[in-house]
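**Student:** Assemble the whole structure, with the sequences as input and the hints as a guide.
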Amino acid sequence: MSKNKQTAGHKGACGSQKKKEGEGRSCIRYRCGLTNTIQDVLNQRPGWVEVKDDGEWDLNWCDVGWLRENFDHSYMEEHVRICHFRNHYELTRKNLMVKNLKRYRKTLEREAGRLEASKCDFFPCTFVLPSEYHIFVEEFKRSPGSTWIMKPVARSQGKGIFLFRKLKDIIDWRKDGSRSEEQKDEAQVESYVAQRYIENPYLIAGRKFDLRVYVLVTSYIALKAWLYRDGFARFSNTRFSLSSIDDQYVHLTNVAVQKTSPDYDPEKGCKWQMQQLRQYLTAKHGFETVQTLFKEIDNIFIRSLLSVQKTIINDKHCFELYGYDILLDQDLKPWLIEVNASPSLTASSQEDYDLKYRLLEDTLHIVDMEGRLTGKEKRVGGFDLMWNDGPVHTDVGLEALGSSCLVANTHLGCVNDRQKQLQQLLKPFPGQKRT
Amino acid sequence: MLDESAELSVSITQIVQRLKGTHLHSQLEKQAKECLHKPEIKLETLKDDVRRLLKASGMTCLPPPRHPRAPPEHTKEPLAYMRKAQVNWEKRILKSLNSMCTELGIPLARKRPVPEQNELTNKWNEMGTDEPDLSKFRPVYAPKDFLEVLVGLKNPNNERSEDLTVRSHWGLIQVSLNVRDIPQTREMYPELGLTYGQLGIDDHTHVPPDLFESEHIHIGKKVVSEHDSAAAQQYSRQGCPTGLRAQLWSLILNTTDDPEAITHYEQLKARVIHHDLLVDNLIYKDVKLTASNDDYYFVFEDYLYQVLLCFSRDTAVLEHFNYNCATPPKSCIQSKSGSEQCAVVYPPNGVIPFHGFSMYVAPLCFLYNEPSKLYSVFREMYIRYFFRLHSVSSHPSGIVSLCLQFERLLQTHLPQLFYHLREIGAQPLRIAFKWIVRAFSGYLSTDQLLLLWDRILGYDSLEIVAVLAAAVFAFRAENLMEVTSLASAEAVLADLSTLKVMPLLQIFLFATSV
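Sequence lines, in order, name chains A and B.
FYI, in UniProt numbering the residues of the first sequence are 1 to 435.
FYI, in UniProt numbering the residues of the second sequence are 1 to 514.
Treat the hints with care, as some may be off.
Stated by the list, open to error - Residues on chain B that point at chain A, a partial pick, calculated with CB under 7 Å:
hint	residue
1	W124
2	N125
3	T242
4	Y296
5	F300
6	D302
7	A343
8	V345
9	F366
10	D447
Just so you know, the hints here were simulated from the structure itself, not pulled from any lab data.
The beta carbon of each residue, even a glycine, is placed where N, CA and C say it ideally should be.
**Tutor:** Following this line, the structure appears as structure tokens:
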């Protein structure tokens with residue numbers, strides 16, 4: 001089988017693979033391009049076997065590099081699944097995301113008015129460079145003294161990011177002799193964004209933090225998105241202060257950057273579970289305020305996904321687990337920082353490992369290669385169905401509420417009693433007895 | 001023969017003295033003035049009328065009951081052998097502190113030079129970034145050392161035989177104190193019973209909020225708006241909702257936001273800036289070793305310094321030694337001329353921190369973030385409850401009683417388990433002691449811990465801590481029966497972060513057959 005003409009899902013050593021109605025496969029072949037938590041999850045799933053190199057696979061947990069090279073040349077049978085959408089970068093590359101969001105907002109304003117469009121104002125003012133350089137400069141001059149952040153469009157883990165307050169800083173940077181020719185060329189191509197820096201982040205004990213939330217999308221047309229209950233808050237290791245712009249350790253909360261900070265103590269970890277954060281905020285601000293906050297966070301996911309709905313090439317073989325980075329400001333307004341198509345699955349601690357393990361396990365439950373779901377579920381393990389071609393509401397009895405008010409089906413930062421739920425929901429794996 | 005009424009007036013004067021300047025005093029004055037305007041008041045019987053009306057309005061004051069001839073130490077701790085043990089323990093701690101001081105050549109206290117004062121002022125909100133060299137310092141003592149003292153307590157009037165019988169006590173605590181058993185505890189904690197709603201049980205996801213939670217929250221809001229301290233205490237027995245807990249605890253503990261509290265805190269902060277104390281290093285070390293390594297409390301490191309450094313200098317805390325059987329440690333300072341020596345209380349608040357002390361403060365950081373408020377709440381919690389966990393006394397909420405209660409509950413209701421653990425050299429108290437000393441802080445997950453502390457405040461007693469310790473053993477009894485060494489027993493009980501305290505307590509108290 002030549003590398004360029006991969007056919008996935010063919011009959012193989014596992015016998016007949018034709019899926020009968022309602023009956024799952026007993027043996028699933030997977031291919032995994034990563035060597036972290038996902039390996040363990042796939043390895044330990046009953047009835048799943050790994051195939052390497054050119055072998056045919058039923059599920060491919062690939063990295064985006066593989067996708068770029070091979071997706072267009074692969075023929076996939078109906079049941080086969082792959083963990084990325086072909087052009088996910090429309091959502092995850094900062095310059096494209098900005099473009100899509102701005103366009104969506106304009107459409108919304110035209111069709112539904114200002115108020116509706118203002119629900120898209122969760123993204124800090126951003127300009128793509130160099131193409132939008134001039135309008136950026138206009139805006140920059142309009143608000144003197146404010147701080148901006150420069151981010152490379154396609155890099156991750158905090159690389160290449162810096163803060164600035166003077167235009168001079170960018171001009172210097174473009175001319176910077178210490179950077180390689182390649183890097184300078186990058187600046188010519190549209191690979192940087194300049195974004196208004198949020199100068200009043202919500203601080204806990206003087207420290208800045210951001211939230212990592214997981215959203216699983218199984219289809220863009222119609223949009224079907226699930227929200228995971230667990231997540232975490234990542235703290236900066238040092239106290240926040242605007243006077244230390246050069247100290248990138250203060251401002252960037254990626255664990256990858258924090259790991260190199262001189263203060264960093266790997267034993268400590270600098271994360272809080274989402275449940276902990278939600279409780280802390282509730283203790284400080286009361287239940288209603290926090291509920292509103294989390295509703296606004298839901299809104300960020302939904303709007304950002306809707307903004308790329310028509311641009312992303314929908315494919316029934318594809319699903320994608322996004323890592324959303326959200327920042328809160330002092331008025332408890334949530335801001336979208338970015339969306340990751342390959343959120344880190346490497347664990348920084350045992351607790352982190354357990355969280356990612358559960359997350360991936362539940363992702364695979366929803367992808368449902370084994371055919372155990374009916375498709376009508378509103379909750380699978382730690383995932384709640386957030387959007388299904390329209391908002392999804394919980395099955396709360398109307399008598400209990402006393403009115404016809406609908407409650408959204410999301411529970412970010414709430415109790416995740418997934419074991420119990422899964423036991424009730426899923427039939428055991430073929431060959432497994434129900435415990 | 002002392003005149004009883006004279007005794008009474010002395011007590012009343014003392015109480016009036018204590019009340020002066022407090023919020024309660026101004027409330028009393030206001031009430032009294034209002035009474036004056038009432039038509040029933042007659043000039044001749046003014047005093048009695050006002051007193052009667054005050055009583056009718058709900059304000060009464062009772063002097064503490066005691067024999068008129070009893071010296072103060074006897075009131076604080078009636079048992080002589082306990083007093084002696086406490087005195088000896090204090091001598092040991094002080095000796096340890098003094099020898100550390102001599103060894104390291106560091107003064108117990110020194111005035112900071114002005115540049116250092118300025119630096120500290122600038123860094124006040126981020127003292128955690130400091131990395132002083134703390135390797136030479138060691139904690140003055142750890143809970144383990146204190147446990148040995150308690151194990152060694154003996155009532156000289158009691159003849160103990162060495163034989164182990166069914167009647168004898170199998171645990172480590174060798175003294176007999178009156179502690180509550182399960183039937184008596186049920187009477188004391190009726191609101192934890194199966195017919196009452198609880199936060200921590202009835203707010204679980206699968207229970208419709210209508211059954212208990214919504215109504216409970218509604219009542220809580222009313223209690224907060226009425227500023228009713230007694231109602232808050234009663235309410236807290238069934239748990240405080242997360243969004244209301246900070247205000248409810250504040251009400252129960254009578255900590256207010258008034259300017260006096262803020263000024264007091266600022267004064268303490270000024271004292272920290274001006275003088276450096278040896279115990280400061282102990283505090284730093286403790287925070288770095290315990291709270292900073294905790295998965296959740298590490299964020300609050302700076303707050304802990306801001307509270308504990310001030311706490312050490314708060315001489316108002318000395319007042320609690322009126323009912324604490326301990327005596328504040330004294331150290332000698334030389335006068336400037338070098339000729340005289342005088343004994344001063346050291347540290348100024350009379351409390352020497354031990355390993356794990358900062359964990360008393362850490363959970364409170366979840367509720368309060370203004371330093372003066374956090375400070376007031378912590379101080380009040382300390383002088384009401386926490387001090388009892390590290391001084392030797394016979395008080396029902398004292399550490400000795402709690403340990404004994406724990407052991408007795410275990411022996412009565414899980415005799416097979418207790419016997420087994422004894423046989424393999426794993427005395428249960430050796431494992432549970434660290435939980436009890438810290439009132440479970442750092443061992444339970446924060447939300448569960450706060451539910452436990454709700455009940456400490458609600459019932460004004462630490463006994464629930466001993467009961468929970470026994471309930472934890474009951475919960476893990478099956479696994480514990482399988483172990484064959486102290487180390488494996490410790491391993492079974494190492495991680496309590498997944499426990500749900502209210503169901504455990506409820507089952508242990510109300511579903512155990514007696």
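**Student:** Check each numbered hint against the structure and report the violated ones by number, ascending.
**Tutor:** As far as the earlier hints go, 1, 7 and 8 are violated by this structure, in ascending order.
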